[in-house]
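Peer 1: Each chain is listed here by its residues.
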Amino acid sequence: MRRLLLTTALLGFLVGGSALAGPPTQAPPQVAVAHSLESFRAALQSGGPGKDGIPSIDRPRFLSADQARLSDDEIVIGLYRQGEARAYPQRILVWHEIVNDELGGEALSITYCPLTGTALGFKRGATQLGVSGKLVNSNLVMYDRATDSEWPQILGVAIDGPLVGQGLEEVRLIWTTWGQWRARYPETRVLSEQTGYVRNYRRDPYGSYVPLGGYYLPESRRLFPVLNRDDRFPPKTMIFGVRTVQGALAVDRRALREERVIETRLGEESLVLIHDPGLDTAWAFRNPRGLSLDADALNFTPEGVRGPGIEALEPLHGFEAMWFAWAAFYPDTSLYPEQTP
Amino acid sequence: MSVFRNRLMARPAALLALAIMAMSYALAYLWLTGDLAGGGWGGWEASFPAWERLFERRGFLQFEPVGRIMLGSLVWTFSPLNTLVALAMGGLLGLNLLAAWWVWRSPRVCGVGGSAGGILAAIPALLVGGACCAPLVLIWLGLPIAGAVVGLTPLLIPLALVLMLAGLWVMSRRLDASG
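The listed protein sequences derive, respectively, from chains A and B. Quick note: the first sequence uses the numbering used here, first residue 3, plus one each step. Quick note: the second sequence uses the numbering used here, first residue 8, plus one each step.
Quick caveat, the hints were computed from the structure, so don't treat them as lab data. Among the hints, a few may not be true.
To be verified - FRET-style restraints, in silico, Cβ to Cβ:
#1 A:F64 x B:R64: 47 to 55 Å
#2 B:F67 x A:S38: 28 to 36 Å
#3 A:V212 x B:S31: 44 to 52 Å
#4 A:E265 x B:W58: 56 to 64 Å
#5 A:P30 x B:L81: 46 to 54 Å
#6 A:P213 x B:F67: 31 to 39 Å
#7 A:R231 x B:G49: 40 to 48 Å
#8 B:P87 x A:P213: 32 to 40 Å
#9 B:L81 x A:P213: 18 to 26 Å
#10 A:E221 x B:W176: 48 to 56 Å
#11 A:P220 x B:R18: 52 to 60 Å
Said to hold, decoys possible - Residues from chain A that face chain B, not an exhaustive set, calculated with beta carbons under 10 Å:
#12 P51
#13 D54
#14 G55
#15 P57
#16 V200
#17 N202
Positions of the beta carbon are idealized from the N, C-alpha and C atoms, including for glycine.
Make the full structure from the sequences, and use the hints.
Peer 2: In structure tokens, the structure reads:
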């Protein structure tokens with residue numbers, strides 16, 4: 003009888019424990035946290051809609067590339083993992099901000115913040131991420147449905163709740179156009195407009211990427227207050243950013259396109275960034291041996307960049323972001339090319 | 008409040024004016040809150056795939072659309088409850104305007120009819136009636152102040168409703184007094 007009770011108690015604990023299991027985390031986080039968590043919490047503000055007022059897509063459906071009615075210049079957020087490619091049209095994500103998806107048996111959240119122009123993927127484990135309705139530095143604050151911890155998307159670290167101070171595990175997403183994505187991944191699947199919600203997916207409430215207009219214009223003003231302002235670029239200029247525990251680096255995308263391979267430093271570490279002309283994005287690496295790469299010898303495959311020297315590099319997560327948001331999260335960010343504040 | 012019903016029944020033109028004002032306000036409200044927008048691709052189309060979301064809330068007095076109605080370049084993501092809120096707000100605002108007009112035009116009795124006092128009762132209601140969409144207008148215009156006031160939106164709609172009802176009550180007393 004006693005054994006039965008003990009077993010029941012243990013099972014109850016395990017079941018209860020798993021019901022509260024948050025997303026997989028890294029403690030300490032593998033990214034820079036430039037402001038104190040208290041100051042992030044103090045800077046939280048309502049974005050307008052309440053919790054889940056912007057509903058995440060929790061049962062995504064997909065179409066084949068041929069079935070998807072997208073124009074070549076439309077922005078999509080691409081994910082390639084374990085041999086499978088998926089494209090999430092920006093004009094659907096702008097209404098939902100989070101897709102709780104599964105790819106190759108791995109549970110992932112595809113997240114997009116229209117106000118900061120950032121798309122980041124996160125491992126979500128057995129739980130889902132949702133839109134809290136709050137913003138910090140104009141950036142989407144997500145919450146996980148297991149522990150209700152709050153995670154600013156760019157930071158990727160919980161600023162409140164039981165998982166405070168822990169970092170999410172990130173997954174690379176690609177900000178590109180449908181034409182470029184389809185050329186690289188012809189077998190890609192595409193997120194369908196059958197999301198379970200009724201939205202006007204032909205209209206972006208903030209502006210337009212094709213042609214560039216409204217909130218997305220580089221010189222247009224931000225809507226919400228930020229912890230740090232930096233006017234070295236117009237606010238909505240898209241930069242490519244990487245961050246490590248040592249700090250953050252923002253790369254001017256024009257320099258990236260022109261130079262093709264950028265060798266630079268962040269703190270004590272050597273980094274290399276390689277422009278991918280097929281997707282117009284960058285691949286970032288740690289370069290512990292300080293190798294020099296020959297841009298002409300590199301080629302770009304569905305798996306990423308390949309070529310002499312690449313095997314000796316350590317991949318580093320990076321993503322495109324609006325400059326004002328990057329500078330708000332990382333006031334001491336390095337810039338490439340260097341510019342004085 | 009029976010004074011309004013009697014006057015509306017006796018004056019079909021007033022009823023028509025009220026309907027036009029309510030509809031105009033409702034359309035503006037639905038446009039500013041995003042239920043009504045561009046993005047259509049010609050022709051017309053209607054589908055109602057999400058009736059199960061009829062009572063699902065997106066925010067304070069904001070509900071999930073249940074269907075999509077497209078007419079030409081217009082797309083209406085249709086929520087019956089949002090439409091009811093918009094029409095109710097529009098009806099109250101229209102009635103406030105009509106009441107203010109009647110108070111202004113009514114004969115002076117006991118020093119109240121025709122005075123500015125009656126019309127003044129409508130002013131806060133009218134201001135807040137319009138202000139409920141102000142944060143949305145600011146966001147639409149891209150003004151940084153929008154971020155600071157967007158949190159007030161949920162308060163402005165109930166405030167508008169209370170003030171518009173209070174304005175009507177004050178003006179109904181004036182109209183009763185003036186016969």
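Peer 1: Does the Cβ-Cβ separation between F67 of chain B and S38 of chain A fall within 28 to 36 Å?
Peer 2: holds, 32 Å
Peer 1: Using the beta carbons of P30 of chain A and L81 of chain B, state whether their distance is inside 46 to 54 Å or not.
Peer 2: holds, 52 Å
Peer 1: Does the Cβ-Cβ separation between F64 of chain A and R64 of chain B fall within 47 to 55 Å?
Peer 2: violated, 29 Å
Peer 1: Taking 44 to 52 Å as the hint, is the beta-carbon distance of V212 of chain A and S31 of chain B inside that range?
Peer 2: This hint is violated: roughly 33 Å between Cβ atoms.
Peer 1: Once the shortest beta carbon distance from V200 of chain A to chain B is found, is it less than 10 Å?
Peer 2: Given a least distance of 4 Å, the restraint on V200 of chain A holds.
Peer 1: Interface hint check: N202 of chain A, Cβ to nearest Cβ on chain B, cutoff 10 Å. Holds or violated?
Peer 2: Hint on N202 of chain A: holds, closest Cβ of chain B at ~5 Å, below 10 Å.
Peer 1: Do the numbers back the hint for P57 of chain A, that is, is its least Cβ distance to chain B under 10 Å?
Peer 2: Because about 8 Å separates P57 of chain A from the closest Cβ in chain B, which is inside the 10 Å limit, the hint holds.
Peer 1: Starting from the hint 48 to 56 Å, judge whether the C-beta atoms of E221 of chain A and W176 of chain B obey it.
Peer 2: With a Cβ separation near 49 Å, E221 of chain A and W176 of chain B satisfy 48 to 56 Å, so the hint holds.
Peer 1: With 31 to 39 Å as the target window, see if P213 of chain A and F67 of chain B comply at their CB atoms.
Peer 2: Taking Cβ atoms as reference, P213 of chain A and F67 of chain B lie about 35 Å apart, which means the hint holds.
Peer 1: Regarding the hint that G55 of chain A lies at the interface with chain B, is the smallest CB-CB distance below 10 Å?
Peer 2: holds, 5 Å
Peer 1: Per the hint of 56 to 64 Å, is the separation of the Cβ atoms of E265 of chain A and W58 of chain B within bounds?
Peer 2: holds, 58 Å
Peer 1: Holds or violated: is the Cβ of D54 of chain A closer than 10 Å to a Cβ in chain B?
Peer 2: Holds. Min distance 8 Å.
Of the numbered hints stated above, those contradicted by the structure are hints 1, 3, listed in ascending order.
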